[in-house]
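Peer 1: For the protein sequence lines, the chains are A, B, C and D, in the order given. Residue numbers for the first sequence, in the working numbering: -3 to 388. Residue numbers for the second sequence, in the working numbering: 40 to 391. Residue numbers for the third sequence, in the working numbering: 17 to 173. Residue numbers for the fourth sequence, in the working numbering: 773 to 924.
Derived from the structure by calculation, the hints contain no laboratory data. Be careful, since some hints might not be right.
Far from chain A by the CB rule (all over 12 angstroms, computed), these chain B residues [stated by the list, open to error]:
| no. | residue |
| --- | --- |
| 1 | N104 |
| 2 | G105 |
| 3 | F118 |
| 4 | N126 |
| 5 | N160 |
| 6 | L166 |
| 7 | I174 |
| 8 | N224 |
| 9 | F288 |
| 10 | L347 |
| 11 | L348 |
| 12 | F382 |
| 13 | L385 |
Facing chain D, from chain A, some residues (calculated, C-beta under 7 angstroms) [as the list claims (entries may be wrong)]:
| no. | residue |
| --- | --- |
| 14 | K44 |
| 15 | F222 |
| 16 | K348 |
| 17 | R350 |
We treat Cβ as the ideally placed atom computed from N, Cα and C, and that holds for glycine.
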Amino acid sequence: MITEELKINIGPQHPSTHGVLRLVADLDGEYIRDIEAKIGYLHRGMEKLAESRNYHQYLPMVDRIDYLSGFFNSASFCYAVEGLAGIKVPKRAEYLRLITMELNRISSHLLWLGTFLLDLGATSPLFYCLREREEIVKILENLTGQRMMYNYYCFGGVRKDMPDGWLGSVRDFCESFPAKIDDYEKLITENPIFLERTKGVGVISQEMALDFGITGANLRASGVKFDARKNMPYSVYKDFNFDIPIHQEGDCYARYQVRLLEMRESCHLIQKAITRIPGGASEKLKVKRTNCGCNKPECAFCGDETKVFFKKTNPLVLKIPTSEITTFVESSRGLSTCYVRANGTNMPDRVKWRTPSFSATQILPELCKGGLYADIMAILGSLDIVLPEVDR
Amino acid sequence: MYDFYLKIFKYLSLPKLIGVITWPVIPFAAIAALMIVLVLFLVLLERKFLALLTIRKGPNRVGPNGLFQTVADAIKLLFKEDIIPANANKILFTIAPVVFFFPAMVVYGLIPFAHNWVAINASCGLLLMLAISAISILGLLSAGWASNNKYSMLGAMRAVSQAISYELPLVLSALSVVVLSGTMNLNKIAFGQGNIFGWYIFPSFFGFVIFLICTLAELNRVPFDLPEAESELVSGYNTEYSGMKFALFFLAEYAALFVYSALIVTLFLGGYSSPFGGYILGLIPYIKKVVFLEQAFWLMSKTFAIILLIMWIRATLPRLRADQLMSFSWKFLLPLSFLNLLFVALFKYFIG
Amino acid sequence: MELIKKIISGIIAIKNGMEMIAKHAFRPAITIQYPEVKDQFNARLRGHIALTSNEDGTSKCIDCKSCVRVCPCGDLIKIESHKDAEGNVKIDKFSIDLGRCIVCGNCVDICPKSALIMSNNYELAKYDKEDLVFDLEDLKLSYEETQHLLKELEKDL
Amino acid sequence: MSFEEFFNRHELNIIQEKDASDNDIWLVNQNDLLKVCELLKTDRLFNYEMLLALIGLDCVSHFEVLYSFYSVKNHKKLFLKTVLQKENPVVESLCGLYSSANWHERECFDLLGIEFLNHPKLERILLPKDWIGHPLRKDYKEEDERLSWNRR
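Can you make the complete structure from the sequences, with help from the hints?
Peer 2: Structural data, given as structure tokens:
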């Protein structure tokens, strides 16, 4: 029977579009005949803003591209400028970057888990996830001074060394966290309704994922082993041996499992990094530094490796000769790319962000077509889209 | 009691006719008052209980420990502007909440709160109850249609299809109780069960489970809250409602929650009868007459246990999808309820 | 058979989930009743920008305008000054539009004389946008507060 | 087989550049672009099956488009660049080869005004449909009367 199609506007203001995504769907009863994604409601002109600001002025804005995982974009931009200007980053600062980035990945995935399940109709996991996320946010706040817009990285390192006892709090968190994931798994993983809602829904085949340029956990859930941390090593990821979890199915359930495994893996990575950080915890390092006091660059306690980059790069002096660079950072949502082109002044000529959510939003209509109305929310939730990152 | 009531009218030199007419109204007035208080308490209970499960504190600002929060909410809703969308069908839009509200109110009269303490002691009370409560779906349909909102429309469509498909297993599993008890009078069903060993949950366990699941569906509660799925349909059929009309929807939902829970208790868990057979109050000679208080206590405590179970389920489960909801009902629950009915009939024939 | 297995595993999973939820009922609530109870912060917390002061209550600012140049929001810091007879810089006017400030801390990092500092005050709600333009008097911390903050910050440097 | 050999074999005129992190950037003639991409994607040795990003650049005298590809098989990345003239920046669309090019090209058109031939739906994506001008061009001036509230 041919019936009149119902055109429905999902968003830009809608409880589960994760921001201001607008989907125009043609419904036939509960079934979706056609769907179109419209973006741009949160366009802040991040690339245009860069043209009128020098590198230091632009740095705090970068955090706001993806407000749930600010460290990644910040790191991406920092690596770009460091690469252009030839600034060397001390080992200890790199380790701090790694720890903060991995913590941020966990916190971002936690929020994703909560909201994904909220989209599916389960309310309580959101609160449990936010409780754990609050712990991470508190840890990061103690380090950087803010909860979301950290502005902690600077060109050539990080702004401050860790406070006393910070490493201990990270260690405590990493020890208690796997048990919490077990709790979530108990609640969700085997739940028949959750399985019904996610298994076989929104399947991204391997070819499709590559064709659409999907990256991150979404790609790894489709069976492609690609992780910028392994394949395009940056920071000190080379020093670590870690697994890249992959799943072959490519449906919402696989994406869920990959993200949970990633959280566990990040947790291990942080634990390893804590033990290996040059100089160790700050309270011990301070004592060693005062006892040593040799100030030789090769010294283990007060040399370059453990000294966090304190020297302020003057924004008026930091002029980068004409050159271009592209950096790749594996953010919590996928491959985050920053292209910076310098032109000899203290302002960038062009900054371009390639964000993982942009590609993930592009594939959304393909996945939703032919499914049910309720599947939109499951797929949208599982792709882990953050709209400010899409619109920039 | 009736004579005493008429005497008051004689004493006040009022016409006897008023007394005769108003006498049947009294239980309804009492039940209406009970219902309003219960619903306000239930809303608070749900918020507090969910807060407890999700490691929050819940409402704790109005009154001691947030006790008057729902009262404040109700007052706020009363004073809010009553918005009718420009293109809505005004008559249906206004009638819909009332149509949704009144069946939930009427069926309170059919619940036996204690032995023979029932406002309408109908001989086919169970049938009447199911029939009346099924009317409320008309309210949802007209609300969704009259709002002239696509989300409301979808919500109403889901609500109707859901209610119709879950009505069948519900009635069939209730039928198993009728088979066991041999009557449709709720008072007799409750009285017939006696102590814990006589409860109909034991011969008709699957009936109980099916009835509970169908109750969740009829009440539009998680995991069957598709008609008002806030992550999909914003708020479903009551998206456009505000003020007192919204409050009526809200109240009716919680009223129905209590009634259905009480119905489950009456059908499967012995109703008002004590699980131990005897009554403590019944042992004491002088206050034997107030044994109904203990019976009401048993009914209430069992009902609240069921309500808490429903809230607990709400905190645990995600939402089903529309097609899964349908197939679950038609392909799984309906055959199972037939099997259950067959089993119960055999049980009755050979053992009971 | 498949169906029965599925049903049984589903029931077990739901039971496990409900158990896990019920376990949480006995854990303490994590709610912080904000206006009455406040969260604990360390000295690094980036509240609004404040001016440090010397022992005599004057500002350390020398009007170099470094902070203006690194501010990502453009012209929200406004400084006016004059030189007194001895050649020392006296600040006449110092205002920050905190309604537009994004609290990034760039100005504090760049300040050569540590005249600026991030205070720990994050409660900045006002009824009027204009009230958020803080001038010298609003921004300046007393000497004791300055010393306290600096000491706390130095602790974990 | 190196890139030079590969390009020579197909008689393609390609210039090599370096960026700051020592990656090769291959400068491709805009007429050859589609052919090069097709070869690179289908060639079994290279197999660049992923278009990561498409970056439009305004270099005042001319426009450039920088493509970055990735091969999951070999775990190698590749940068291609093509130069477009200032007056009429037109380049062949890659939508037929890579689905991900669709939105990236729309974004590039939206912000820089570079046109892509044979694009299925070349419309503005981030900015409103009635926006005047292309903001990331160096000569862009905000002349829209409706945006006067924006200037404080």
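Peer 1: If a hint holds in the structure, say so; if it doesn't, say that too.
Peer 2: Here's how the hints hold up against the structure:
1. Non-interface status of N104/B relative to chain A is upheld: no Cβ of that chain comes within 12 angstroms, the nearest being about 20 angstroms off.
2. In this structure G105/B is separated from chain A by more than 12 angstroms, as the shortest Cβ-Cβ distance comes to about 18 angstroms.
3. The non-interface label for F118/B is consistent with chain A: the shortest C-beta to C-beta separation is roughly 26 angstroms, beyond 12 angstroms.
4. Every beta carbon of chain A lies more than 12 angstroms from that of N126/B, the smallest distance being close to 16 angstroms; the non-interface claim holds.
5. Interface exclusion of N160/B from chain A stands, the closest Cβ pair being 41 angstroms apart, more than 12 angstroms.
6. Even its closest Cβ contact with chain A, about 32 angstroms, leaves L166/B beyond 12 angstroms, as expected for a residue assigned away from the interface.
7. With a least CB separation of 25 angstroms from chain A, I174/B remains clear of the 12 angstroms interface cut-off, as annotated.
8. The claim that N224/B is not at the interface with chain A holds, since no C-beta of that chain comes within 12 angstroms of its own (minimum 37 angstroms).
9. A cut-off of 12 angstroms between C-beta atoms confirms that F288/B is not in contact with chain A; the least separation is 18 angstroms.
10. A cut-off of 12 angstroms between C-beta atoms confirms that L347/B is not in contact with chain A; the least separation is 15 angstroms.
11. Under the 12 angstroms C-beta cut-off, the non-interface status given to L348/B relative to chain A holds; the minimum distance is some 15 angstroms.
12. The claim that F382/B lies off the interface holds: its Cβ sits roughly 24 angstroms from the closest Cβ of chain A, which is beyond the 12 angstroms cut-off.
13. For L385/B, the requirement that its beta carbon stay farther than 12 angstroms from each beta carbon of chain A is met, with the minimum near 30 angstroms.
14. Checking K44/A against chain D by beta carbon gives a least distance of about 5 angstroms; that is within 7 angstroms, so the hint holds.
15. Nearest Cβ of chain D to the Cβ of F222/A: about 5 angstroms, under the 7 angstroms cut. The hint holds.
16. With 7 angstroms as the threshold, the beta carbon of K348/A comes within range of chain D, its nearest partner Cβ sitting at about 5 angstroms, so the hint holds.
17. For the restraint placing R350/A at the interface with chain D, the shortest Cβ-Cβ distance is roughly 4 angstroms, inside the 7 angstroms limit, so the hint holds.
Violated hints for the displayed structure: none, as all numbered hints are satisfied.
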